[in-house]
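Chains A and B supply the protein sequences, listed in that same order. My numbering numbers the first residue of the first sequence as 1 and each following residue consecutively. My numbering numbers the first residue of the second sequence as 1001 and each following residue consecutively.
Note that these hints are calculated values from the structure, not bench results. A couple of the hints might just be wrong.
To be verified - Lysine-lysine pairs mimicking BS3-like chemistry, simulated, CA-CA at most 30 Å apart: (1) K1159/B to K1452/B; (2) K131/A to K286/A; (3) K1131/B to K1286/B; (4) K87/A to K286/A; (5) K1159/B to K87/A; (6) K1336/B to K1006/B; (7) K241/A to K131/A; (8) K1131/B to K1235/B; (9) K159/A to K452/A; (10) K190/A to K1006/B; (11) K159/A to K1087/B; (12) K6/A to K1190/B; (13) K286/A to K6/A; (14) K1006/B to K159/A; (15) K1131/B to K1241/B; (16) K131/A to K159/A; (17) K1087/B to K1286/B; (18) K6/A to K1159/B.
Number of protein chains: 2
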Amino acid sequence: MHTRHKVVIIGGGFAGVYTARALSERMDQTIDIEMICDRNYFVYQPLLPEVAAGTINSQDAVTPLRRLLPRVRVRLAEVIGVDLVRKQVQILQGRRRIPQQIHYEHVVLASGQVTDLSRFPGFSDHSLTMKDLSDAYRLRNQIIRCLELADVTEFPELKQQALTFVVAGGGFSGVETMGELVEMVHRTRKLYPGIGEADVRFVLVQRGDRILPEMSAKLSRYALQNLTRRGVEVKCNTALKQASASAVITDQGEVIRTSTLITTIGNGPAPFIRQLNLPLERGKIKVDGTLVVEGFCDVWALGDIARVPLADGALAPPTAQYAMREAYCVAENILKCMRGESSQPFAYKPRGMLASLGNYAGVAQLYGLTLTGLPAWLIWRGFYISMVPGISTRLRISLNWFFDYFMPRSTVYLEQGRTPACRYRYYAPGEEVFASDQLLDGLYIVMQGRLKMTGTRSDGEPFERVIEQGDHWGEWILTHSGVTTGRVEALEPTKVLVLAREDFFRLREALPGFANYFSSLDPGRYSKAVMVDRAEGYAD
Amino acid sequence: MHTRHKVVIIGGGFAGVYTARALSERMDQTIDIEMICDRNYFVYQPLLPEVAAGTINSQDAVTPLRRLLPRVRVRLAEVIGVDLVRKQVQILQGRRRIPQQIHYEHVVLASGQVTDLSRFPGFSDHSLTMKDLSDAYRLRNQIIRCLELADVTEFPELKQQALTFVVAGGGFSGVETMGELVEMVHRTRKLYPGIGEADVRFVLVQRGDRILPEMSAKLSRYALQNLTRRGVEVKCNTALKQASASAVITDQGEVIRTSTLITTIGNGPAPFIRQLNLPLERGKIKVDGTLVVEGFCDVWALGDIARVPLADGALAPPTAQYAMREAYCVAENILKCMRGESSQPFAYKPRGMLASLGNYAGVAQLYGLTLTGLPAWLIWRGFYISMVPGISTRLRISLNWFFDYFMPRSTVYLEQGRTPACRYRYYAPGEEVFASDQLLDGLYIVMQGRLKMTGTRSDGEPFERVIEQGDHWGEWILTHSGVTTGRVEALEPTKVLVLAREDFFRLREALPGFANYFSSLDPGRYSKAVMVDRAEGYAD
Chain A
1 MHTRHKVVII
11 GGGFAGVYTA
21 RALSERMDQT
31 IDIEMICDRN
41 YFVYQPLLPE
51 VAAGTINSQD
61 AVTPLRRLLP
71 RVRVRLAEVI
81 GVDLVRKQVQ
91 ILQGRRRIPQ
101 QIHYEHVVLA
111 SGQVTDLSRF
121 PGFSDHSLTM
131 KDLSDAYRLR
141 NQIIRCLELA
151 DVTEFPELKQ
161 QALTFVVAGG
171 GFSGVETMGE
181 LVEMVHRTRK
191 LYPGIGEADV
201 RFVLVQRGDR
211 ILPEMSAKLS
221 RYALQNLTRR
231 GVEVKCNTAL
241 KQASASAVIT
251 DQGEVIRTST
261 LITTIGNGPA
271 PFIRQLNLPL
281 ERGKIKVDGT
291 LVVEGFCDVW
301 ALGDIARVPL
311 ADGALAPPTA
321 QYAMREAYCV
331 AENILKCMRG
341 ESSQPFAYKP
351 RGMLASLGNY
361 AGVAQLYGLT
371 LTGLPAWLIW
381 RGFYISMVPG
391 ISTRLRISLN
401 WFFDYFMPRS
411 TVYLEQGRTP
421 ACRYRYYAPG
431 EEVFASDQLL
441 DGLYIVMQGR
451 LKMTGTRSDG
461 EPFERVIEQG
471 DHWGEWILTH
481 SGVTTGRVEA
491 LEPTKVLVLA
501 REDFFRLREA
511 LPGFANYFSS
521 LDPGRYSKAV
531 MVDRAEGYAD
Chain B
1001 MHTRHKVVII
1011 GGGFAGVYTA
1021 RALSERMDQT
1031 IDIEMICDRN
1041 YFVYQPLLPE
1051 VAAGTINSQD
1061 AVTPLRRLLP
1071 RVRVRLAEVI
1081 GVDLVRKQVQ
1091 ILQGRRRIPQ
1101 QIHYEHVVLA
1111 SGQVTDLSRF
1121 PGFSDHSLTM
1131 KDLSDAYRLR
1141 NQIIRCLELA
1151 DVTEFPELKQ
1161 QALTFVVAGG
1171 GFSGVETMGE
1181 LVEMVHRTRK
1191 LYPGIGEADV
1201 RFVLVQRGDR
1211 ILPEMSAKLS
1221 RYALQNLTRR
1231 GVEVKCNTAL
1241 KQASASAVIT
1251 DQGEVIRTST
1261 LITTIGNGPA
1271 PFIRQLNLPL
1281 ERGKIKVDGT
1291 LVVEGFCDVW
1301 ALGDIARVPL
1311 ADGALAPPTA
1321 QYAMREAYCV
1331 AENILKCMRG
1341 ESSQPFAYKP
1351 RGMLASLGNY
1361 AGVAQLYGLT
1371 LTGLPAWLIW
1381 RGFYISMVPG
1391 ISTRLRISLN
1401 WFFDYFMPRS
1411 TVYLEQGRTP
1421 ACRYRYYAPG
1431 EEVFASDQLL
1441 DGLYIVMQGR
1451 LKMTGTRSDG
1461 EPFERVIEQG
1471 DHWGEWILTH
1481 SGVTTGRVEA
1491 LEPTKVLVLA
1501 REDFFRLREA
1511 LPGFANYFSS
1521 LDPGRYSKAV
1531 MVDRAEGYAD
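Isolated chain A, as found in the complex (with noise of 0.2 Å):
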């Protein structure tokens, strides 16, 4: 009788499922393997810019992973943390995130790494990701509802904010997305009959000095080519500074206004990975060349989240090709393990680097070759879709891929029900937080800068406040009409906490303490700003 060993993996990316194929493969009955996820499907993220831009449907794009796993016990849980010394995983599960221990003989980090973004300010605030699914979900409904909204307003300068797109990052991902968002739009375009080729504006930030870095110097400058062609601005040797509600700032000073930042930079372990104090460098994992973390018999790590070290020195890039070998070479070392043999280490030869950038086009290095534009694309949808795990989910793609080329895509604006109560917001100097005579969206709580209000009192006379650190502004209004009767701008670089609308009234009505305090405020700060009650304000 054998006793029967336990493998928990964490993570259900490439590194994670294929590991657990792996595993499952070639187990015999004595081993249970346990993957622990917050997702419950497979996403192959080179793909989600093609979500994002309607080619493929969300959810033909990915895999439940119980239909990829079936002989592995997956879990949909959220992990807080490992015990390295008691060997268990503990999570949290279900609506009301009841913590829960998982023992484990050997665990496997397969995580990936998060987008980090603190380093940035305003970026958590006002970017979006392209890391999941619902990442490129939200990114779809962002640019059809500024489409939407530029199509019928009446101010062009919403207007060109609305249609001007800024892509931070000139990596695989950065310039995949920007490749699909600019067919996208200009395919779309034609259904909002207000909106011409040249209202649109798209931007593309690069920190370095050539976009694509990791391939050849010819590739990177065929790539380049092709976005200027399309009508990007490339924008290399530059950063970003900072991101508001309505604009980015470059280090070269130049603020570009729009409503859509999207971040492909960033990136860090999860926040569970920082707390187990394992060997980090530059926040990855440090595993020996069999993929067994530095002090460790029974942790493994690999994927993006491993510093995994090649045969000649160099490091293993963190792409799916890569995982994928990783995942063939943790799962034998598992088994070996088991068995008392000793480990075998990590040796893989890449075939090669694609990128695609959208409207049939293409750069590809293959086995020493080099392609570009229509042959370098269809090398990679074809290598995209051997890539993909599950026979159903690659007809799925085929079928979208083809009906795409002569079905128009879908515009469907999918409100994403209400909005957080709590949102920080980021303005820049000068920047403009609320108009005159607008409905106003909640209590805006300053935590960091000052906001000035300017306006002309019911007599004439032109008032203005400055609302400093601690103090807030909406209280008044959101009690009376509703509607803003002065400008608010801000004076410095301010963060602001903004308690909506509904959230604020919630509050008052439930809690005591919170509806005295905003009673029992000093009337005179509203008198040095006399407002007229316009209750039907808007009506008129």
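On the provided structure of chain A, position chain B as indicated by the hints.
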């Protein structure tokens, strides 16, 4: 020279789309048609249960309004009022919700009915509706989340609750939703090894004495037998009295523990319609035989929003068939009105009625014939395809249906992002609000009723604390370990406002008045219920 006429249509459902289409097909160049709608796509509501069940991809079930109506100006905006004297529609537009006025010469009210659950306590916070694409989407995610949790949870009562699905309403929408739900759960259940057929419970609650009351008694009986055979408990002559976070209560006093309540009942006019002071009867706008609103010559109403009298004295039922015919009549009458001719009365003889029961069965009454089972279901599909506007949508839906027959259903769960900060929750007497050792999700403020907390102090003594109206629970836990140390239950019917954990912290950081309120609370309130600081509690 003619002056240009302007027709504004509010609403993009069957009534609105077919009015716009009929007008634009017959119009000369002197009419501007504008449609104002709070979604930018047309959705055929009877298909929503299939979207929720994954038979049809959400994007494929709908058609962008701009594509359907190329000669109509489509505006994505929220209508907040109509000035019937100045002839202006008042709207809010864009993310900043800027108020604007749109002038009209004729206005067509075709915005349908909205869900109005104010008469059913707890329903608006604890139930899902089936009106819109996002509703179908939400239901789909809810079902998958329940299956995921039920498969892995260690708590039998949580599993049972997650696998109980309740539908309120036995009309077309309720029956079709239940039919699709049963089929979906049983088809996808195989991916969840921990869920057996007997674990799943379906309950359909109908106030009247039979389901599908619009159809003949024979068909209604057939539908009942079909659902019952497939394991659905159909409770006729029963109404739901209350919904709470984990259960529904019937007027017979039965408590059904469930995480999923779908309501297809409770319809009413949109708030802006109520404010117009138009003649209403049972929540519907009174129109004369020509579909003009009583007392007006330039305000038209049709579809679900209108009380349309037929020649025989009966009222037009709120179905797509009638809405379509009413639309032709309204368009014709507006054109006649512009030419100075007199209006024609509405007249239509319906072709029949159809309902799908899912799983390849249906019921149909057509031209006096009665059909059941597969033939009725095939006619239902054919009929629906014929009703959906737009060739490309028809093709897409047909392909979805085709593939559904031999491809597995997708069980992808797409996280909805952060939950809104302030949610209301309802609890029945004795219902558990929180058990011990759970991660607390927010501050619980009692708005009505009372909560009781019980636990054991570190010295072994039991303690309890009652939380009265206006008081709250959780601030101590949130700012210490985050984990509950006792059990909280409702003492009577209780309404709570939950301020999400993250928002509690954000507000506390930003707003000094909020932080001061909590720090000024009497510490004695906690000493009565001494709690052990378990900062690392759940790592033990």
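Okay, the hints, checked on the actual structure:
Simply put, K1159/B and K1452/B have alpha-carbon atoms about 25 Å apart, close enough for the 30 Å limit, and the pair holds. Proposed proximity of K131/A and K286/A is supported: the alpha carbons are some 23 Å apart, at most 30 Å. A C-alpha spacing of about 23 Å is found between K1131/B and K1286/B, which places the hinted pair at or below 30 Å, so the restraint holds. The suggested pairing of K87/A with K286/A holds, with an alpha-carbon distance near 19 Å, which does not exceed 30 Å.
For the hint pairing K1159/B with K87/A, the CA-to-CA distance comes to about 27 Å; that is within 30 Å, so the pair holds. Distance check on the hinted pair: K1336/B and K1006/B sit about 14 Å apart at the alpha-carbon level, within 30 Å; holds. Our distance criterion of 30 Å between C-alpha atoms is met by K241/A and K131/A, whose separation comes to about 22 Å. At roughly 23 Å between alpha-carbon atoms, K1131/B and K1235/B fall within 30 Å of each other, so this suggested pair holds.
Between K159/A and K452/A, the direct Cα distance comes to roughly 25 Å. Compliance with the 30 Å bound is thereby established for this hinted pair. Of the supplied pair hints, the one linking K190/A and K1006/B holds, its CA atoms being roughly 23 Å apart against a limit of 30 Å. For the proposed pair K159/A and K1087/B, the alpha carbon gap of about 27 Å is at most 30 Å, so the pair holds. Of the supplied pair hints, the one linking K6/A and K1190/B holds, its CA atoms being roughly 23 Å apart against a limit of 30 Å.
About 23 Å separates the Cα atoms of K286/A and K6/A, which keeps this hinted pair within 30 Å; it holds. Restraint check for K1006/B and K159/A: the C-alpha separation of about 24 Å stays at or below 30 Å, so the hint holds. Between K1131/B and K1241/B, the direct Cα distance comes to roughly 22 Å. Compliance with the 30 Å bound is thereby established for this hinted pair. Pair hint K131/A plus K159/A holds up; C-alpha atoms about 28 Å apart against a cutoff of 30 Å.
Among the hinted pairs, K1087/B with K1286/B is consistent with the structure: their alpha-carbon atoms are about 19 Å apart, no more than 30 Å. A distance of roughly 24 Å separates the Cα atoms of K6/A and K1159/B; the hinted pair therefore holds under the 30 Å criterion.
The structure agrees with every numbered hint stated previously.
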